[in-house]
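Residue numbers (full-length UniProt numbering): 1 to 891.
No wet-lab data here; the hints were simulated from the structure.
Heads up, a few of these hints could be off.
As the list claims (entries may be wrong) - Between beta-carbon pairs, the in silico distance windows are:
(1) Glu-720 to His-650: 16 to 24 Å
(2) Lys-279 to Arg-429: 21 to 29 Å
(3) Asn-603 to Asn-535: 30 to 38 Å
(4) Gln-592 to Asn-879: 22 to 30 Å
(5) Asn-535 to Arg-497: 50 to 58 Å
(6) Glu-498 to His-648: 13 to 21 Å
(7) Asn-534 to Asn-641: 32 to 40 Å
(8) Arg-497 to Glu-794: 52 to 60 Å
(9) Glu-794 to Lys-555: 48 to 56 Å
Unchecked claim - With a cut-off of at most 30 Å between alpha-carbon atoms, the simulated BS3-like pairs for lysine-lysine come out as follows:
(10) Lys-815 to Lys-891
(11) Lys-810 to Lys-793
(12) Lys-638 to Lys-654
(13) Lys-555 to Lys-642
(14) Lys-844 to Lys-793
(15) Lys-249 to Lys-294
(16) Lys-810 to Lys-842
(17) Lys-487 to Lys-555
Since this is a predicted model, take the numbers as computed values, not measurements.
Every residue, glycine too, gets a C-beta built ideally from N, C-alpha and C.
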Amino acid sequence: MKLKTKLYLGFGTILVILVLISSIVLYTLNTQKNNLEVIVQNSYERVSIAQALKSNAQTKARFVREFFLNDLGEKDYLEEELKITKLIEKSNILFNELSVLGSSNLNSIELVRELEHLNGLQDRNIAVAIELLKEGSYDEAKTLIIVDNASILSNLISGMDLLTETEEEAMEQLLENSLETYQSTLVLFVILVSISFVIVIGITTSVIRSFSVSLNNVRNVMMKIPHQSFDNIPRIKTELHNEFDDVAKAYNEMAEALERYASTEKNYQSSLEEENWLKTQFADVTTSFQGAQKLSLFGKIFVSKMATTVNATYGMFYFKEDKGYRGTATYAAEQEDITGDTMILKGEGLVGQCALNNRVILLDHLPSDYIVTKSGLGKASPTHLMLLPIQFEGEVLGVLELAKFETFTPLQQRLLEQVCLSLGPNLDRIQYHMEIERLLAESQVLTEELQAQSEELQQQQEELRTINEDLYKENILTEEKTKELEKIKSDLEQKNREILLSSKYKTEFLANMSHELRTPLNSMLILSEILSENNDRNLSKKQIEYAQTIHTSGKDLLNLINDILDLSKVESGKLEIFPEEVEVDEIEAFVQRQFTPIASQKNLNFEIVIDSNIPKIIITDDQRLKQILKNLLSNAFKFTNKGKVTLHVHAGSKETNSKLIFSVIDTGIGIPSHKQQVIFEAFNQLDGTTSRKYGGTGLGLSISKELAQLLGGYLAVRSEEGEGSNFSLYLPDLIESKTYDDLPLVAATVEDTMEIVSSSADHIKVEDLSNKTVLIVDDDMRNVFALTSILEKEKMNVLYAENGLDAIKKLEATKIDIVLMDIMMPKMNGYETMTEIRKNEKLKDIPIIALTAKAMKTDRQKCISAGASDYISKPVDLNQLLSLIRVWLYK
Numbered sequence: 001m002k003l004k005t006k007l008y009l010g011f012g013t014i015l016v017i018l019v020l021i022s023s024i025v026l027y028t029l030n031t032q033k034n035n036l037e038v039i040v041q042n043s044y045e046r047v048s049i050a051q052a053l054k055s056n057a058q059t060k061a062r063f064v065r066e067f068f069l070n071d072l073g074e075k076d077y078l079e080e081e082l083k084i085t086k087l088i089e090k091s092n093i094l095f096n097e098l099s100v101l102g103s104s105n106l107n108s109i110e111l112v113r114e115l116e117h118l119n120g121l122q123d124r125n126i127a128v129a130i131e132l133l134k135e136g137s138y139d140e141a142k143t144l145i146i147v148d149n150a151s152i153l154s155n156l157i158s159g160m161d162l163l164t165e166t167e168e169e170a171m172e173q174l175l176e177n178s179l180e181t182y183q184s185t186l187v188l189f190v191i192l193v194s195i196s197f198v199i200v201i202g203i204t205t206s207v208i209r210s211f212s213v214s215l216n217n218v219r220n221v222m223m224k225i226p227h228q229s230f231d232n233i234p235r236i237k238t239e240l241h242n243e244f245d246d247v248a249k250a251y252n253e254m255a256e257a258l259e260r261y262a263s264t265e266k267n268y269q270s271s272l273e274e275e276n277w278l279k280t281q282f283a284d285v286t287t288s289f290q291g292a293q294k295l296s297l298f299g300k301i302f303v304s305k306m307a308t309t310v311n312a313t314y315g316m317f318y319f320k321e322d323k324g325y326r327g328t329a330t331y332a333a334e335q336e337d338i339t340g341d342t343m344i345l346k347g348e349g350l351v352g353q354c355a356l357n358n359r360v361i362l363l364d365h366l367p368s369d370y371i372v373t374k375s376g377l378g379k380a381s382p383t384h385l386m387l388l389p390i391q392f393e394g395e396v397l398g399v400l401e402l403a404k405f406e407t408f409t410p411l412q413q414r415l416l417e418q419v420c421l422s423l424g425p426n427l428d429r430i431q432y433h434m435e436i437e438r439l440l441a442e443s444q445v446l447t448e449e450l451q452a453q454s455e456e457l458q459q460q461q462e463e464l465r466t467i468n469e470d471l472y473k474e475n476i477l478t479e480e481k482t483k484e485l486e487k488i489k490s491d492l493e494q495k496n497r498e499i500l501l502s503s504k505y506k507t508e509f510l511a512n513m514s515h516e517l518r519t520p521l522n523s524m525l526i527l528s529e530i531l532s533e534n535n536d537r538n539l540s541k542k543q544i545e546y547a548q549t550i551h552t553s554g555k556d557l558l559n560l561i562n563d564i565l566d567l568s569k570v571e572s573g574k575l576e577i578f579p580e581e582v583e584v585d586e587i588e589a590f591v592q593r594q595f596t597p598i599a600s601q602k603n604l605n606f607e608i609v610i611d612s613n614i615p616k617i618i619i620t621d622d623q624r625l626k627q628i629l630k631n632l633l634s635n636a637f638k639f640t641n642k643g644k645v646t647l648h649v650h651a652g653s654k655e656t657n658s659k660l661i662f663s664v665i666d667t668g669i670g671i672p673s674h675k676q677q678v679i680f681e682a683f684n685q686l687d688g689t690t691s692r693k694y695g696g697t698g699l700g701l702s703i704s705k706e707l708a709q710l711l712g713g714y715l716a717v718r719s720e721e722g723e724g725s726n727f728s729l730y731l732p733d734l735i736e737s738k739t740y741d742d743l744p745l746v747a748a749t750v751e752d753t754m755e756i757v758s759s760s761a762d763h764i765k766v767e768d769l770s771n772k773t774v775l776i777v778d779d780d781m782r783n784v785f786a787l788t789s790i791l792e793k794e795k796m797n798v799l800y801a802e803n804g805l806d807a808i809k810k811l812e813a814t815k816i817d818i819v820l821m822d823i824m825m826p827k828m829n830g831y832e833t834m835t836e837i838r839k840n841e842k843l844k845d846i847p848i849i850a851l852t853a854k855a856m857k858t859d860r861q862k863c864i865s866a867g868a869s870d871y872i873s874k875p876v877d878l879n880q881l882l883s884l885i886r887v888w889l890y891k
């Protein structure tokens, strides 16, 4: 029988006995529980109710006697009657509870019925007596209560006592029954426990005996396992037919695994020993020739060491020289085998083939007359040959040839291959060292020659030492000057910060001054132009000339303001340039248009010479290039009274760092050499008489110089006093210049916009402006008057608002076709007004043209961002303004 079956059988029997004992115990406990419930919940409760009924009957009799014997008032009478009624109801409730509890004793049941009947008689007599008392039959009622009810009460109390005794006897009987049941259960429990104990001992003994036999069998086999080796481990026979058969099988499998592990470990140990031998021999061989600096010594040590390590009886080492390989060292070779003077070429023989293929050659079963190894006792022929290349960076530097009587083992082959593989850097090092020694010998000869020169230099060194001492003193003075320069530098940096701050204030001043100057200029130019046109034919010729003079003077003042602003922008680094393709032919046409009339007026010859080898297009800022040429040519015509003015356009060069050169040559008054740099400074001319005689502010050349630098070029001047001048603009191509990479992309200027608008307007049919309503928003009545005069001539309806708040009210109250919006106004400026207008759904599409006297580069973008449809700067060009109005009214 299996151990598992025995365990199941034994523990199953124990479990059955435990279940049986538990069932008996549970049954006994349940019986005792039921008896106690009967005692407590039934008999004890019946006794309690009987006592309560007895007490209730006595109390009820006492209340009735008092009720009839005492003289009560009406109120007390009702209260006593109510108490008696409650006692009657309570007795009825108690009898109902007694009936519900029931009883297993028939005598008790019969007695309860009799008592309930007596209680009913008592209650009826009391009720009858109360009714008689109400009717006035006091004596009858008293007789009924005192005589009849007294006997009923006596019987009722006796019955209650009898019921109590009966129930107490029943309780005692139940207790005796419970005790007998407990005694019987205890005896049965002892018997069953004794039987279980015997069965458990029997099963345990059987299982232990079976387990011990199987375990001893396994233990005996395990004790036979050898401690030193796992090659032959004993096995356990699987004949027990129990669970130990599985243990035996697992042990046998473990034994097989251990035997396999032992075999693997032996193989691994053997490979480790071989690897250890390989590394040891490799280290021994590679360290044996570390100190060798000569190729012959290296070869002898190497071939000798390798031959003895692998038990070779013959060895030869070949080293690369020029185009072939020469034997430099041997091991156990005969004199006739040493061919030191013979050069073996690549591919020649086995040595040459090994060098050519850069591969190992291994030959077995050599002929008996191939190689002979001799000793003092005899000679024999090796039968195995191995040739190995020694290479460095893909080039074979040498070949090792070994021969032996036995086969080269795989381990020996690995050692030879590893050593030869690592030998290349050593050979290269030795070769390099030998080359150094050769060069060293040559250098020693040179050193001796230099020694003589050194003695000569020694004397020169003494002289240099004296010079160095003088230089040291000068160096100290230089350091002191350096400290002074650093202090000056610090002061200059402070000045620079002050200048930058001053430049900022100057920029703000110029912006505000531009506004203050342009505002009156706007009205002056508009009104003077209207007067000079004399449309009403009411002015004399002299008056028209006055108006034209006023208009021309205003234009000159405007140009002066623009020059000052341009100079300020250039100096502050805020003037932007816009690279584009500029055609040289277009520049020629521009200059021709601008200055041919001036040349004719002054009776001067004007020539434009353009070389044929120049590029036709250059990448630069067209506007700024024209501005520079205009300034240079204007000066040339201004200071030339006879002769000619020439514009020569020719190719630049790498030396001048330019692609084109624009030279303006005149035959004018010329410039003295000491004044040629002064003229490029702002507000400077040759002398005070120049300004009085020729006019001008001295800003043209200063602006031109700065603009040229912004375009990546520069201005140069050559002149002699009385002989004329040559101003040359050296201009690079911005797309080829590094300057182009740093140029920002910005919005077009106002002038660019006006040119575009004017150009566009030329292609638009001139629409009638009559009956169109325009709202002028401006706080300056001069501007309002001037603009009103122009617009009313076009038969437009002109409305006027002094500020933004007034403008919004008029826009909401009146249909307006277009708005001319000033920027600088009180209460609400132009930016705020345009923003509020665009927020209004009804007014958001109305055209708004911003008019501002500020001329800084950010003003246009600020106006557009605030809600302006377009932008025009003051002083207003009348034709441009009318063109803009037509564009936006008929867009």
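query = Does the Cβ-Cβ separation between Gln-592 and Asn-879 fall within 22 to 30 Å?
reply = holds, 24 Å
inquiry  = If I claimed the Cβ atoms of Asn-534 and Asn-641 lie 32 to 40 Å apart, would that claim hold in this structure?
reply    = holds, 35 Å
inquiry  = Against the range 48 to 56 Å, how does the distance between the Cβ atoms of Glu-794 and Lys-555 compare: consistent or not?
reply    = violated, 23 Å
message = Assuming the hint says 21 to 29 Å, is it satisfied by the Cβ distance from Lys-279 to Arg-429 or not?
response = holds, 22 Å
ask   = Do the alpha carbons of Lys-844 and Lys-793 lie within 30 Å of each other, as the hint requires?
value = holds, 28 Å
query = Okay, Glu-720 versus His-650 on CB: inside 16 to 24 Å?
reply = holds, 21 Å
ask   = Does the alpha-carbon distance linking Lys-810 and Lys-842 stay inside the 30 Å limit?
value = holds, 13 Å
task = With a cut-off of 30 Å on the C-alpha distance, tell me whether Lys-638 and Lys-654 pass.
result = violated, 33 Å
query = Is the gap between the beta carbons of Asn-603 and Asn-535 within 30 to 38 Å?
reply = Holds: the Cβ-Cβ distance is about 36 Å, inside 30 to 38 Å.
query = Lying within 50 to 58 Å: is that true of the beta-carbon distance Asn-535 to Arg-497?
reply = holds, 57 Å
query = Taking 30 Å as the top limit, are the C-alpha atoms of Lys-249 and Lys-294 close enough?
reply = violated, 70 Å
inquiry  = Against the 30 Å threshold, does the CA-CA distance of Lys-487 and Lys-555 hold or violate the hint?
reply    = violated, 49 Å
In the structure shown, a violation is registered for the earlier hints numbered 6, 9, 12, 15, 17, in ascending order.
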